[in-house]
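Colleague: Starting from the structure of chain A, add chains B and C where the hints point.
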Amino acid sequence: MELATQLIAYGILMGLVFALIALGLSLIFGVMNIVNFAHGEFMMVGMYVAFIISSYFHLDPLISLPFAAAIGYLLGVVSYHFLIHHILRGPMVAQLFGTFGLMLFLRYLAMFIFTPDVRSIKQGILVGKTLSIGWLTIDVSKGVSGGLCLLSFALVYWIIHRTKLGRALRATSIDAEAARYMGIDTKKMNALAWGIGGATVALAGALLAHYYYITPTIGMLFTIIAFATVALGGFGSIVGAFLAGLMIGLIMVLSGQYVSELKFTFIYILYFLVVVFRPRGLFGW
Amino acid sequence: MKASKRIFLFLFVSVLSILIVSPTLFAQVKEVKIGVILPLSGPLAPIGKSLKEGAELAADIVNNKYPELDISIAKWEGIPNLGGAKIKLIFADSRGDPGWGSEQAKRLIEDEKVVGLLGAYQSAVTKTASVEAERAGIPFINPDSTSPALSKRGFKWFWRVTPHETWFTKDLFDLLDGLTKGKAPGVKAVPKSKLEPLAVAAENTEWGAASLAEIEKFAKERGWKIAEGFKYPHTAADLTSETRKMIASKAPTFLFAPYVADAILFVKTMKEMKAKPRLIWGQDAGFVEADFYKTLGADVNGILTRDLFSAEMGKVKPVAGKLNEMYKKMTGYDFSGSSARDFVGVQVWAHVLNNAKSTSPEAIRKALNELHIPGKELVMPWKGVKFGSPFPNDTQQNELGSGVINQYQGYPDGKLHIIYPFEFATSKLIYPFPGWK
Amino acid sequence: MRQVLKDIFSFEDRPRFERIGFVVFILIILVFPWMVHSAYGRVVMIKFLLFALFGLGWNLIGGYGGQVDLGQAKNVGFGAYATALMMFWWNTPFWVTVPIGMIVAAAESFGVAYPMFRLKGHYFAIATLCVALVWKELFVFWDWTGGARGVELTIRPTPDFTYMQFGSPIYYHYFIFLLFITQLLFMNWFRKSKLGYELQAVRDNEDAAASLGINVYRTKVITYTITGGLGAVGGSFMTVYYLYIDPDFVMPLDLSILIAMTVMVGGAGSLWGPIIGAAILIPLDMYLGAWLGAGKRLGIDFMVYAVIMMVIAAREPRGIWGIIERLRKKG
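Protein chains in written order, with numbering that gives the first Met the number 0: chain A, 0 to 284; chain B, 0 to 436; chain C, 0 to 330.
Extracted from the complex, chain A is given alone in its bound form:
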């Protein structure tokens, strides 16, 4: 019982972060059918924002959250205008290739600026504090991150489903051409999707930085996990990304408990099985 509670708690907390990382990828794909290899690198940028705010400006890393989101938004919009917009015309291979270039560029730019050293955030209201409830001991920063992930999810869900902007975004994602006829600036919508995608994942990075290490090469693993999460939940589905993220978090913790060496294998196999039986993911349309 003790074991089960602990594992489920850890799994859910981790899953929430995975879900927030995957959200942006899912959104971008839903709107313009493109997979972003640089996604994990956007997260890495968010982590470095938190790091800079905490160790150069000596402010609490929590303050970095809005900055990380803003910089992530900018990064998304800028990459859209300078790169993605131009590669959208090409075949799928060219798109993968272009975003892969972006990934390499960001990763090694970070290595150029920050050197390959491993960093972490040492001071902050949440950093290093733990909370015990019964058998359960959890890191406060993990708990708060989980909560903030939920909040960001709700916010994005609200933007997409309840605002005029979101309606335009959804219209673009269902049929870009029709949206254009109706007077929606689809280019702007695409940029917006990249902005929101960048903001959410950078935010996830800044949250993760509270209890994780920071290094320029960190992105790839999270990109792959995000791919599996998004594909599992269905490209373009917000709810799908959320549930798939939780699922992957739980599987990772459970398999880590029993066969640590194969813990990613289970995720890949699960993804494979799900898409074989439901070729558009659990919640894809």
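Rather than coming from a laboratory, the hints here were simulated on the basis of the structure.
In this text the structure is predicted, and so the values were computed from the model without any measurement.
Be aware that one or more of the hints could be misleading.
Pair ranges (Cβ atoms, derived) [stated by the list, open to error]: (1) A:N32 with C:P98: 33 to 43 Å; (2) A:G146 with C:A207: 50 to 60 Å; (3) A:S54 with C:W290: 32 to 42 Å; (4) C:F8 with B:K29: 35 to 45 Å.
Here a beta-carbon is modelled for each residue, glycine too, at the ideal position from N, C-alpha and C.
Modeller: Then chains B and C, alone, in the frame of chain A:
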């Protein structure tokens, strides 16, 4: 049609010209070139950087006069028996990829015309790179890879300076046995039941797998029970369940073999879960990198790590202290077991070249096989450098090397204190592990 | 039979400048080891031929088939492990291990192709990526294959054509060239074969192809199986070339991506695309790495490389071959 032909021609010519242009340097009389292959980019880049700095410092000491240092290379200003020729290190990035290691080795050997090679940290890269040296008949001195298999291949052109995993694991069990007999400084005999069973986590790389295998072998020989011994995927996104598993095994002794990123994550997760092991031991690598203690600060206190060096070495070995100061001035952090090893690697090269009085491979080979550097020359607490066969099937392996086991005490401003060998101990062992605040 | 031979060796349907270019290219490669005295140049050439070989194989499914496969490294791994393990355990000659590696890789590809081709586009791409990663982790896990410690072969002192081990890279140069040219001729035959035409019809429009009576599913599965077999050849070469393999080395994700990238840069779906792509990316990567990789500031080499990749993707999504075709139409 015409334009297209020109384009085609242009493409082929440009490709060809890229291939032909190669870095051919003019041979200078007063320079001995040594190729150094290290993981300067990729996930192990932080370690690669410090290894490079260690090697650079050694080359600087060989090439310039440092009268305040009491070792022979500091007085040489170049290699005396080669007319004062300077050592020039030519670095190549292996990216941690065995293929790249092999290709860079070829480039260094044939294009840069290096006299010999040094490197390459990851055992997998050392394997492929040393194959090229073996084929070309060029000496390869390996100061920093610890997989026992490397020196068991019977190569003619491969010498390993550092002790390997078998030693270090033996040291670990000597420490554990010593603890039960009350030999450890400042600690009364601890009953074996307070240290048993062991829980071991190793990353699933060549090195991690070798570490785990050695620990399991020695545990069986010396009669120590292992409660949990497992490998985990390296640079895993998360280690909560692995850490939890170790805690749940109720083992009082935790042994780890990760590189730096995972080492940090393990300690953070143990702290978060309020783990209460009585002893934590790390297998060098991740546990001795500057990033490890800079990142974790006071949380490292009480952790033991097998190592080859400690800044406290200055107390036992004055020259080590001076060298460490120089290194710290250059880089901002202390020598680690890794960077000190590459320092020794360059030092061995300097001595060998001096003894060989020539840069011909055969002369160097002879000098290497006859080499005997006494311990007082070295920054390490070794008896010296002399190649032989210390364990069954080992060939051209330094038999005078030895490891130390250090403990982090008093961080963030503290020191890595030597605990084992017990006679070199610079401080009392903190036992049991004090836990995290 | 005559027709088959003609299909294999004849490039007559290609324009004249391509044929001239091809002959020049072959000549350059043949004289290369004697003209270039830089060992690194030779090493780069061998690696270029290796990646051109990989690219030719991948071009089948990724170019002619239009299915983005991000898991070709698993086939490379199968080939490499087949050779390494059989040599290690039973001392099997190289030439026996190659077909076995190809059969294993093809059989595995056939097995996973069945469920996988129910997927399309990005779902398919990520499924291939996942399958390749699963295999890599299983090889790390499995002790018989050496696990993470890999397989190391002993050096044979004299040139050996049974085990394909040589001290001098010149032998390897002609050896990989032989493998490369065989595969190129196979591709030359394939693009003119019935399956080749069917595959291109499927790529251009699945519905139209189906209405012409082409079994879309079957076409894709067969192509994927062949691609698997072709990928293994390069893996076998890597084993005897480097004499050491481990899962992180021969089956990483980076390798899958790099293979797809070279084809993409050169021009997917064209006969010469993979060769051009490898001729640009591999020397670029290796020379940038050798010149800038050990500098004071890290990462410059990768940044230059990345910018070039992005520019090509944005400016000419059909790759270099697209530029050449366009210029030819103008000129």
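Colleague: Take the hints in turn and mark each one as holding or not.
Modeller: The hints, checked one at a time:
no., hint, verdict
1, A:N32 with C:P98: 33 to 43 Å, "41 Å, holds"
2, A:G146 with C:A207: 50 to 60 Å, "52 Å, holds"
3, A:S54 with C:W290: 32 to 42 Å, "33 Å, holds"
4, C:F8 with B:K29: 35 to 45 Å, "58 Å, violated"
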